[in-house]
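Peer 1: If you're matching them up, the sequences are chains X and U in order. When we follow my numbering, the leftmost residue of the first sequence carries the number 1, and every step to the right adds one. When we follow my numbering, the leftmost residue of the second sequence carries the number 1001, and every step to the right adds one.
No lab work stands behind these hints: they were computed from the structure. Any given hint could turn out to be false.
[What the hints assert, rightly or not] Not close to chain X: a few residues of chain U, all C-beta gaps over 12 Å, as computed:
hint	residue
1	L1014
2	R1030
3	K1053
4	Y1093
5	V1101
6	C1107
7	P1117
8	A1133
9	I1183
[Unchecked claim] So the derived label-pair ranges between C-beta atoms look like this:
hint	chain 1	residue 1	chain 2	residue 2	range
10	U	Q1082	X	S273	48 to 54 Å
11	X	A28	U	R1079	38 to 44 Å
12	U	W1118	X	R277	48 to 54 Å
13	U	S1023	X	P36	51 to 57 Å
14	U	I1160	X	F29	33 to 39 Å
15	X	G52	U	R1024	37 to 43 Å
16	X	G169	U	I1068	42 to 48 Å
17	U	R1079	X	S56	57 to 63 Å
18	U	Q1082	X	G245	51 to 57 Å
[Claimed, not checked] A short, non-exhaustive set of chain U residues, derived as facing chain X with CB atoms under 10 Å:
hint	residue
19	M1190
20	I1192
21	M1193
22	H1196
Note that the Cβ used here is the ideal one computed from N, Cα and C, for glycine as well.
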Amino acid sequence: MRLAGWLHPILALLLSPLLPGVINRVKAFFAGRQGPPLLQPYYDLIKLLQKGAVYSGTTTWVFRAGPVVNLAVLSLVLLILPLGRVPSAVAFPGDLILLAYLLVLGRFFTVLAALDTGSSFEGMGASRELQFAVFAEPALLVGLGALARWTNASSLSGMFADLSPAFWGDSLPLLVLLASAFLVLYLTENCRIPVDDPTTHLELTMIHEVMVLDHGAVDFGFIQWAAAMKLWVLGILLVGLVLPGASGWRGLDALAGVVGLLGVAVLTGVIESIMARLRLLRVPQLLVGASVASALALLLTFR
Amino acid sequence: MTSGIDSLLILLILLNLILLGASRLHNAVRMVAAQGFVLGALPLLMQSSGAWKAALLLGIGSALLKGIVFPALLFRAMREIQVRREIEPLVGYASSLLIGVGGLVVCMVWGARLPFPWPVPSSLVVPVGLFTAWTGLFLIMARRKAITQVLGFIVLENSIFLLGLLLTDAMPLLVELGVLLDIFVAVFVMGIMVFHINREFDHINVDQLSALREDAS
């Protein structure tokens, strides 16, 4: 019965590297370049997983634990997160709070691993990552809370189960508010353009990339993989919100979810092509805006 | 129809919030203009039976005045005195936004409890009206530039307009048009005032006007 839910993490592990590939293709198309092949992230992963690692003498087990914990945590998240309209493997009241805390756990270990190297640049990246996290988390939690009140369900599977055009009905503004908040979250958590530039390699302006500079080989492969998985996880929140209805057939629903994710990846590519990165000082303002949208959605469910 | 009214009202809330966080005066003026257009559409959706002529007149008048004339006046004033943005607000933009959400909560809770003698078209009208008034007052208090204070004044009038729409049966059209005329004169006078303040002091920070005393030597 819940077999489809158990398959979700495996599906995500296998398919998630497609998402950065799609984003890069779209960006290449906009820039009029040939661009890397669609499967380039897979080639990179295979290459990285075959390498042997070199560890600095100043690092401890914390440094090695970072990427592993991150990947493990994201796989765990996929057990409680429904793929579009396909219910998740595990669902219990309040699992949306577990989702938020699992994401925080992953971030915590990434930051610890960055600090463990003792590099000043990585410390800067860690500081920025946490500064923005402070603004992003209220948006996520309040947004999920609004969704829970709106759908009258207390688990993620229940929340996403019966969202459909018929249910949207009179609360279209609510849907728009939540979708825009989740889109900003998706871009922030994945370090995409209005917040962070994934292609820059200048330590002064990077946020996420700078935290992983000292990781290599298998560890770095895990980090790339986890980044792709994070695109998947945050994307699912957005896709689940706007996907019209369940077909009743699990395979088709899962397919719709994956297609939706690819659509979000294309959208990300378009946003990255037509927008510039915000100044670092303006980013909190954007995130406060997302939190405000979530809070407004929550308020609207109370009347 | 209720869904349309609700959407417009939520748009009003969002415009208010953007206004609280806008540092560039151009953007702020544009937000107020957008509010004028939204308010112009509302009477048409909210009118009760038969009064559509008055509603149309009111809507077009409001949209014309608040959506086109006031912004044009303010843009002209800004061009003449070369002011682009609020440099040092008394309350920062992020905190203004957060305080705004707090105000919104209060308005939602209290606005929903206010007893009303006849059924209102949407349960959101009163809270949004109160919140718009709150935004206007806050802008007048927390910003230094005279232009932003004029904007706060217009937003305050928007809230009176919105709450007045609930009373269209009780309040004659003439009163509403009279209020619009008043506000027009006020903005016109303020436009000239801003220009003169600027020429006299090379800035339009109103908090330094208190230094104008007869006995100061």
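Peer 1: Evaluate each hint against the coordinates.
Peer 2: So, going through the hints one by one against the coordinates:
The non-interface label for U/L1014 is inconsistent with chain X: the shortest C-beta to C-beta separation is roughly 7 Å, within 12 Å. Every C-beta of chain X lies more than 12 Å from that of U/R1030, the closest at about 17 Å, which supports listing it as non-interface. Look at U/K1053: its CB is around 29 Å from the nearest CB on chain X, clear of 12 Å, so calling it non-interface holds up. Under the 12 Å C-beta cut-off, the non-interface status given to U/Y1093 relative to chain X is violated; the minimum distance is some 7 Å.
Under the 12 Å C-beta cut-off, the non-interface status given to U/V1101 relative to chain X is violated; the minimum distance is some 5 Å. The claim that U/C1107 lies off the interface is violated: its Cβ sits roughly 10 Å from the closest Cβ of chain X, which falls inside the 12 Å cut-off. With a closest Cβ-Cβ approach of about 20 Å to chain X, U/P1117 is found to remain outside the 12 Å limit, as its non-interface label requires. Every C-beta of chain X lies more than 12 Å from that of U/A1133, the closest at about 17 Å, which supports listing it as non-interface.
Separation of U/I1183 from chain X is adequate, the least Cβ-Cβ distance of about 28 Å exceeding the 12 Å criterion. As the Cβ distance of U/Q1082 to X/S273 is approximately 35 Å, the hint placing it in 48 to 54 Å is violated. With their beta carbons about 43 Å apart, X/A28 and U/R1079 fall inside the hinted range of 38 to 44 Å. A beta carbon spacing of about 53 Å between U/W1118 and X/R277 agrees with the range 48 to 54 Å that was offered as a hint.
Taken as a hint, the range 51 to 57 Å is violated for the pair U/S1023 and X/P36, whose Cβ atoms sit roughly 39 Å apart. A beta carbon spacing of about 52 Å between U/I1160 and X/F29 contradicts the range 33 to 39 Å that was offered as a hint. For the pair X/G52 and U/R1024, the supplied restraint of 37 to 43 Å is violated, since their beta-carbon distance comes to about 54 Å. Look at X/G169 against U/I1068: about 35 Å separates their beta carbons, and that is not inside 42 to 48 Å.
Take U/R1079 and X/S56: their Cβ atoms lie about 59 Å apart, and the range 57 to 63 Å holds. The hinted range of 51 to 57 Å is satisfied by U/Q1082 and X/G245, whose Cβ atoms lie roughly 55 Å apart. Because the beta carbon of U/M1190 sits about 29 Å from the nearest beta carbon in chain X, more than 10 Å, this interface hint is broken. Using the Cβ-Cβ criterion of 10 Å, the hint placing U/I1192 at the interface with chain X is not satisfied: the shortest such distance is roughly 34 Å.
Hint status for U/M1193: violated, given a least beta-carbon distance of 31 Å to chain X, over 10 Å. Annotation: interface hint on U/H1196 violated; nearest CB of chain X at approximately 34 Å, more than 10 Å.
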